[in-house]
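Asks: Spelled out from the first residue to the last, the chains are:
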Amino acid sequence: MTPSLVDLGAILPELLIVGAACLLLVLDPITPSSKKDLLAWMSLGALALCFMVTIGDLNHRVLAFSDLVIIDPYAAFWKLLLYVISGMTILFSMTYLKEERIELAEYYGFILLSLAGMMIMVSGADLLTIYLGIELMSISLYIMAGFKRFEAKSIESSAKYFILGSFSSGILLYGISLLYGISGSTKLTDIAQAVTSRGFDDPMVLFATMFLIVGFGFKVSAVPFHMWTPDVYQGAPTSVTAFMAVASKAASFAAFLRVLLEGFGGVKPSWQGLILVLCIATIALGNIVAIVQTNVKRMLAYSSIAHAGYALIGIVVAGSVANGDPIASGGVSSLMLYLAIYSFMTLGAFAIVGILRRGGLEGEELDDFTGLSKRHKGAAFLMMIFMVALAGIPPTAGFMGKFYLFMAAVNAGMAWLAIIALIFAAISAFYYLRVVMVMYMREPSAAQENETRLAFTPTTSVVLACAIAGVIILGVFPGPLVSVTTSAVMSFP
Amino acid sequence: MASFVFFYFAGVIVLTATLVVALRNPIYSALSLLVMFFHVAGLYVTLHAEFLAAVQIIVYAGAILVLYLFVVMLLNVKREERFHGQASVAMFLGVTLLTEAILLVFLSEGPMFPAAVANTSELVTGNTKSIGQVLFSTYLFPFEVASLILLVAMVGAVILSKKGILDPKS
Chain A
1 MTPSLVDLGA
11 ILPELLIVGA
21 ACLLLVLDPI
31 TPSSKKDLLA
41 WMSLGALALC
51 FMVTIGDLNH
61 RVLAFSDLVI
71 IDPYAAFWKL
81 LLYVISGMTI
91 LFSMTYLKEE
101 RIELAEYYGF
111 ILLSLAGMMI
121 MVSGADLLTI
131 YLGIELMSIS
141 LYIMAGFKRF
151 EAKSIESSAK
161 YFILGSFSSG
171 ILLYGISLLY
181 GISGSTKLTD
191 IAQAVTSRGF
201 DDPMVLFATM
211 FLIVGFGFKV
221 SAVPFHMWTP
231 DVYQGAPTSV
241 TAFMAVASKA
251 ASFAAFLRVL
261 LEGFGGVKPS
271 WQGLILVLCI
281 ATIALGNIVA
291 IVQTNVKRML
301 AYSSIAHAGY
311 ALIGIVVAGS
321 VANGDPIASG
331 GVSSLMLYLA
341 IYSFMTLGAF
351 AIVGILRRGG
361 LEGEELDDFT
371 GLSKRHKGAA
381 FLMMIFMVAL
391 AGIPPTAGFM
401 GKFYLFMAAV
411 NAGMAWLAII
421 ALIFAAISAF
431 YYLRVVMVMY
441 MREPSAAQEN
451 ETRLAFTPTT
461 SVVLACAIAG
471 VIILGVFPGP
481 LVSVTTSAVM
491 SFP
Chain B
1 MASFVFFYFA
11 GVIVLTATLV
21 VALRNPIYSA
31 LSLLVMFFHV
41 AGLYVTLHAE
51 FLAAVQIIVY
61 AGAILVLYLF
71 VVMLLNVKRE
81 ERFHGQASVA
91 MFLGVTLLTE
101 AILLVFLSEG
111 PMFPAAVANT
121 SELVTGNTKS
131 IGQVLFSTYL
141 FPFEVASLIL
151 LVAMVGAVIL
161 SKKGILDPKS
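In the order they appear, the protein sequences are chains A and B. Residues in the first sequence are numbered consecutively from 1, following our numbering. Residues in the second sequence are numbered consecutively from 1, following our numbering.
By construction, these hints were calculated from the structure, which means they are not laboratory data. There may be inaccurate statements among the hints.
[Claimed, not checked] For lysine-lysine, the following PhoX-like pairs were computed, each having C-alpha atoms within a straight-line distance of at most 20 Å: (1) A/Lys268 to A/Lys187; (2) B/Lys162 to A/Lys153; (3) A/Lys153 to B/Lys163; (4) A/Lys98 to A/Lys36; (5) A/Lys187 to A/Lys98.
All chains, please: the whole structure from these sequences, using the hints.
Replies: In structure tokens, the structure reads:
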């Protein structure tokens, strides 16, 4: 089937983003370094344009490019979230890159190309397309992690991410090739038929599912495939870490959920147990290991692992009943809500870590936060709200996100899972509130007082304002977002 | 005739593959690997997979093997003695895998991937042409995404390795 103009119209946002990215790469060498900000504003303009185009997709469902690409409300929701995350990351990077003296506008090009990969992932109806989206996203991230080229940690992070990432891609691809072997197609609908008719007793289906779960488990950093996360998150430039922890996780969850529910919706009981094990292990290990971390970036890395574990509850719930059941839709929509809320909390926390400077470096150690409330009241207060939200304490959005997820688990008859998650959420309060305690109750030494400063600029204020608005408004008034996620799930099997 | 061609290619493949591990000079090993790649490509031609044969030669012989040779020449390893004490391990693995292959060939009923086998019968024109047609019509979208991946990799390689950029001191 030859693609037509209608197909091109369906992927207009992707085309805009890729076009803007290529334009950035071309314009970068001919822009004087004092005007590099213009390029960042240009990419923000492209994001705003895409936002308006994608809002129109929130209520229809189109298949394009011989059914390889699907534009439905589910994909539109994730795309809108990804635009917001990318926009906030770009705004934050404008200050952060200057502080770190990474003056390369290719950076913005890579953010956009990575975003294009994520958009392809969330609207792929075919495993080959999803896989290529994952690769586009990951390869851009591997490079961005190494952007602090003169710093050994950044290079280590990039190399580690690259090697482990390609390894996991290989496993994913192996699973996809087995599925192609049994169904003769890479489309999710065809795979669903073949998988349902063969059942899980067929070793081919069993191995293919396991490989897919391992591959995606790596991308969402679920335990035991999380080993890369702390090192990579700690070494990468903080703006990139924030982008990885939030955007790539959201996109991977979106694709993971679509593959599991559309491709393997007929054999749910067979894989639900596997996800359940991953879920409990991820919640437990993420939260327990975070306790002993003294580096805030590393602690946030473990916290992102733990949050991936909470989000997996959504998949477990969706896997407990047949597609289309309100309980399954409840699981999916609470996962979407949770990741949206998680994005605001985590972006905000990373932004504070990024603008807190010690000498010429980032103030990423817990010590650098000592007595922050005495020196920078505003920043300390914002950090406190983000920490409280990450711990899931009302009236912040973090509480609402956990509330909807745990309710979904209870509705599915898995109250015990909700209780386990709740216990670990209580444990997590320890390491989140420790940051608050250090900021408010410890006296800073003279050195700490003189050496640290905050790189506040108008753009970082906008980012922090967005993050805090997200955390507070969604906490007090989650209704609109809940209705968006609920209606987005309607299009979904 | 067909079986004669097959046994010629298969025989040379087995012979050169053995030489790859048996020869002590890494350059000779790499060269016998090259001969093996060409004969594997020959097998593909007999199976009417001309496209695969071309890819085999371009990618394996043209790119991957040249990379091996570069490494061997750059590191200047004339004789590699470290890995020659593994005969017992190699024997064990070889016998196990051979037994497995024989069992699979003689005991399996029907093809393992019936769906994939069924699809190959649809090819009517030459397979390079039909792959091209499918790639630029049905699979146009993934194809273009793959081109973006290459772009990212290229720009990334420049950024991560070029001197004089990204250095805070300059």
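Asks: Indicate, hint by hint, whether the structure satisfies it.
Replies: Comparing the hints with the structure gives:
no.	hint	verdict
1	A/Lys268 to A/Lys187	19 Å, holds
2	B/Lys162 to A/Lys153	19 Å, holds
3	A/Lys153 to B/Lys163	19 Å, holds
4	A/Lys98 to A/Lys36	10 Å, holds
5	A/Lys187 to A/Lys98	45 Å, violated
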